[in-house]
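Q: Once you have looked at the hints, place chain B on chain A.
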Amino acid sequence: MAYRSAASRVIRHAFIIAVGLLMMYPVFWLLSSSFKPNQLIFSQPGLWPQKFTFENYAQGWQGLQGITFGRFFTNSAIISGMSVLGNIVTCSLAAFAFARLQFRFKRLWFSFMLVTIMLPYHVTLVPQYILYNEFKWINTFFPLIVPKWLATDSFFILLMIQFIRGIPSELDESATIDGCSSRQIYTRIILPLLVPALITTAIFTFIWTWDDFFSQMIYLSQPRLFTVQLGIRSMFDPTGESDWGALLAMSVLSLIPILTIFFSFQKYFVNGIATTGLK
Amino acid sequence: MERARKAVWRQNGTAYLFLLPWLVGFFCLTLGPMIGSFYLSLTKYNLLQPPKWLGLGNYNEIFTADDSFRHSLAVTFQYVVLSVPLRLVFALLVAMLLNKGIRALGIYRTVYYVPSLLGGSVAIAVVWRTIFDGDGLFNDFLGWFGLTGPSWISNPNYIAYTIVTLSVWQFGSAMVIFLAGLKQIPADLYEAAEVDGASKVRQMFRITLPLLSPVIFFNLVMTIIHSFQVFTPAYVIGDGRGGPIDSTLYYTLYLYLKGFSFFDMGYASALAWIMLVIIGAFTAIVFATSKYWVFYSDGKPGN
Chain A
7 MAYRSAASRV IRHAFIIAVG LLMMYPVFWL LSSSFKPNQL IFSQPGLWPQ
57 KFTFENYAQG WQGLQGITFG RFFTNSAIIS GMSVLGNIVT CSLAAFAFAR
107 LQFRFKRLWF SFMLVTIMLP YHVTLVPQYI LYNEFKWINT FFPLIVPKWL
157 ATDSFFILLM IQFIRGIPSE LDESATIDGC SSRQIYTRII LPLLVPALIT
207 TAIFTFIWTW DDFFSQMIYL SQPRLFTVQL GIRSMFDPTG ESDWGALLAM
257 SVLSLIPILT IFFSFQKYFV NGIATTGLK
Chain B
19 MERARKAVWR QNGTAYLFLL PWLVGFFCLT LGPMIGSFYL SLTKYNLLQP
69 PKWLGLGNYN EIFTADDSFR HSLAVTFQYV VLSVPLRLVF ALLVAMLLNK
119 GIRALGIYRT VYYVPSLLGG SVAIAVVWRT IFDGDGLFND FLGWFGLTGP
169 SWISNPNYIA YTIVTLSVWQ FGSAMVIFLA GLKQIPADLY EAAEVDGASK
219 VRQMFRITLP LLSPVIFFNL VMTIIHSFQV FTPAYVIGDG RGGPIDSTLY
269 YTLYLYLKGF SFFDMGYASA LAWIMLVIIG AFTAIVFATS KYWVFYSDGK
319 PGN
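So the sequence lines, in the order shown, correspond to chains A and B. Counted the way the working numbering counts, the first sequence spans residues 7 to 285. Counted the way the working numbering counts, the second sequence spans residues 19 to 321.
Just chain A, with the same shape it has in the complex (with noise of 0.2 Å):
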């Protein structure tokens, strides 16, 4: 019996960390070839390169049209900040208002919060192009940052709401009696204890406005207003040559800040996705 159930845990092991290798391999394969020299890339079979190279890197930073890839590193960094400062800012207000807060026509406004959760982004998509288009907003990061400082990812406002919800609402009827203002209650007694539920936040807007590629595309076409997703892309040629060492290095560079923020919150993102449901 004992002999049987140590075979298997050893049988799922083995199982568990062959599917875990095959799912790394596209990362590692990306790593590796990252530093082979360009000829070796498709040719040279196995994970480590017969000859280390560091040229992709250089080649791939010098960007395009004179524009390097520190530039678009730039533009990402500058649109996914403002995009989490922006969520953590007005979804935490939101959050606040419905969870905490009693006020005329609340059960509607929260229905219709709901239903925006649900909602495919391309409903809105052509009518908020003309808006911005009316207001002269294409080729600028208005388009990508704006919305963020309007909570219209809903979807945090509700993971606030649930994590508010589990606040002791006797810490705001005491604040309440001690003369705090809803506005000192919500900074000095929501705000301090929401900081897990705001670094989930944080931590998945910043990823996905990092990756996002379908917006940043549409809304900004001069290469040097590009983000990383679209210096990649505009490396990248599909009919004909690319250059597939500096593509590959740029893309390993692309994934870093993703990585390291995962790994950095790790304990927050697990939890986050596993008590909301995130994505």
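To be clear, the hints were calculated from the coordinates, so they are not data collected in a lab. Being a predicted model, the structure only gives us computed values, none of them experimental. Watch out, some of these pointers could steer you wrong.
Unchecked claim - Partial pick of chain A residues on the chain B-facing surface, computed with a CB cut under 10 Å:
{"#": "1", "residue": "Ile47"}
{"#": "2", "residue": "Gln134"}
{"#": "3", "residue": "Gly237"}
{"#": "4", "residue": "Leu254"}
{"#": "5", "residue": "Ile264"}
{"#": "6", "residue": "Phe268"}
Where is the CB? At the ideal position from N, CA and C, for every residue including glycine.
A: Then chain B, alone, in the frame of chain A:
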């Protein structure tokens, strides 16, 4: 009396102040654009000339004369039908494997989650394209078994499978949610079943799956909604215009091309509304069937 009313007003005022950014966003970026998009769907509009009223003209053309619409719908359905079950089944199986008190769970969970994290990026789409290219890694792998694979990405019959594998590869996000659900199931249920001599298979169908059904339901709805909107992989792995031979002309890509390549904003809006109705219908079907297979722990089926 007067004072009470004032207090109510002030209370409302404060609350609406907190809600203000969301309200502005809701009216200007959601509700307004929705109305606008519905209006535009009844017009012809190219951003330059004012919208020209067509009535149901766009819808009429879409349903009766647009082969690309039908094709893009078919391609998208194929993607959803293949990718959603595969992804969820993988996620569930691996979650069950990982749930058995395995040491170093954190590491495995991380390894399985990383693809979900990276999968949406252009970088991974590029990697996928090279792996499944004619002389790519995947065919090298098949070569070990003496098989010669086709060029998975330039053959219109196969490229869809390449894109599906990419989505199945990202099963980690659903898996983490399943894992959390599995952890909620009380261990004494299994112990009791063990005492009663119930087999593992029976335990799975009588305990695990029913108790996990709310989580399965949630994952199913989210994955369906998400899958209908597939874009970046299709855009990068295909040629960005739906090729080869329209095999990657997913619905959102078609909508994008109509709206932003041909600047037929009215037509694109009509496509968006049809998409909304389709996704809504699918979600409604899943919700409607849920009362037969989703069990909530308070004993009431459905909710």
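Q: A separate judgement is required for each hint: does it hold in the structure or not?
A: Taking the hints in turn, this is what the structure says about them:
| no. | hint | in the structure |
| --- | --- | --- |
| 1 | Ile47 | holds (8 Å) |
| 2 | Gln134 | holds (5 Å) |
| 3 | Gly237 | holds (9 Å) |
| 4 | Leu254 | holds (7 Å) |
| 5 | Ile264 | holds (6 Å) |
| 6 | Phe268 | holds (6 Å) |
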